[in-house]
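Asks: Spelled out from the first residue to the last, the chains are:
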Amino acid sequence: DAKTTQPTSMDCAEGRAANLPCNHSTISGNEYVYWYRQIHSQGPQYIIHGLKNNETNEMASLIITEDRKSSTLILPHATLRDTAVYYCIVRVPLGGNQFYFGTGTSLTVIP
Amino acid sequence: GAGVSQSPRYKVAKRGQDVALRCDPISGHVSLFWYQQALGQGPEFLTYFQNEAQLDKSGLPSDRFFAERPEGSVSTLKIQRTQQEDSAVYLCASSMAVGPIYGYTFGSGTRLTVV
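Just so you know, the protein sequences line up as chains U and P, in that order. For our numbering, count along the first sequence from 1 and bump the result up by 219. For our numbering, count along the second sequence from 1 and bump the result up by 217.
One chain only, chain P, in its complex shape:
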């Protein structure tokens, strides 16, 4: 597609439920990031993939958060046993390559609400 696609657009989960958020990056994009954005705050880094390799997961807030990109294209962010503090917009971004000449293209995000 022409842009980064994220699904679902909105997700309401009951506390304790597991959720899976999907990111379809732009075809051929090597780099993929996940960010978490709380209401009124800027996006905060969660994890980074280069192709299928997860090179940085230092931003994942707990072991309930897990991300994968098994074939180097589509990525899934999974949150187990959701808590109210997990309520946020989850953004995915991708880039053709590394380096400063390529800006990152962000999707519109998935808004997760935990009730």
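Chain U on its own, in the form it takes in the complex:
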């Protein structure tokens, strides 16, 4: 049962920042926010995760609101290869806890 709400689809111009929102209003104190993406015909790919602080890596930035009820994944300079379905997932970081993917946001980067 997905605990997150994401827009079904979004477009972004190539070279611009893509901001993908996610609502997780029922997140509990020990749940992390994870982002994965899935390019057509491939398995999901890990992007980034965080608990309460903003995080940045070579792929993206994750901004989590102070109340932790929502977050935004930012792709700073979107390319055509970023076209994919993006999944926002909340999860307790225990070994056997699976990811609930939901249906994600289909991002299309437009030339």
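I should point out that these hints are in silico values taken from the structure, not numbers from a laboratory. Beta carbons are placed, not taken as given, at the ideal position from N, Cα and C, and that holds for glycine. Possibly wrong hints are sitting among the right ones.
FRET-style restraints, in silico, Cβ to Cβ [claimed, not checked]: (1) U:322 x P:302: 14 to 22 Å; (2) P:301 x U:272: 45 to 53 Å; (3) P:245 x U:224: 34 to 42 Å; (4) P:301 x U:234: 19 to 27 Å; (5) P:281 x U:270: 33 to 41 Å.
Please arrange chain P on chain U, whose structure you already have, making use of the hints.
Replies: Same frame as chain U, but now just chain P:
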């Protein structure tokens, strides 16, 4: 290998046939998951292994589905008497350890079509 390898990449089965799907996780990875992804949907959890122990099989949709990982490395998902509703992509994921600092690496999946 460098990633999670799944075979076959595509499988067409006649209804009622048994199938076996293989997952080769990254060497040394402790955790292994199987997911089922129907067309247009997100992946859905099937089962979880920690080494050779199957710790959670709550997502297996029926007793026709069986998974094993006898030596804690390669895993096989078996589906007996396949039905059309079993048509989906079956994804395998592995992780070095447990906890939030390790993301899970997914294979490209096996696309099963039951005709």
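Asks: Now tell me, hint by hint, if it's right for this structure.
Replies: Each hint, compared with the structure:
no., hint, in the structure
1, U:322 x P:302: 14 to 22 Å, "holds (19 Å)"
2, P:301 x U:272: 45 to 53 Å, "holds (47 Å)"
3, P:245 x U:224: 34 to 42 Å, "holds (37 Å)"
4, P:301 x U:234: 19 to 27 Å, "violated (44 Å)"
5, P:281 x U:270: 33 to 41 Å, "holds (39 Å)"
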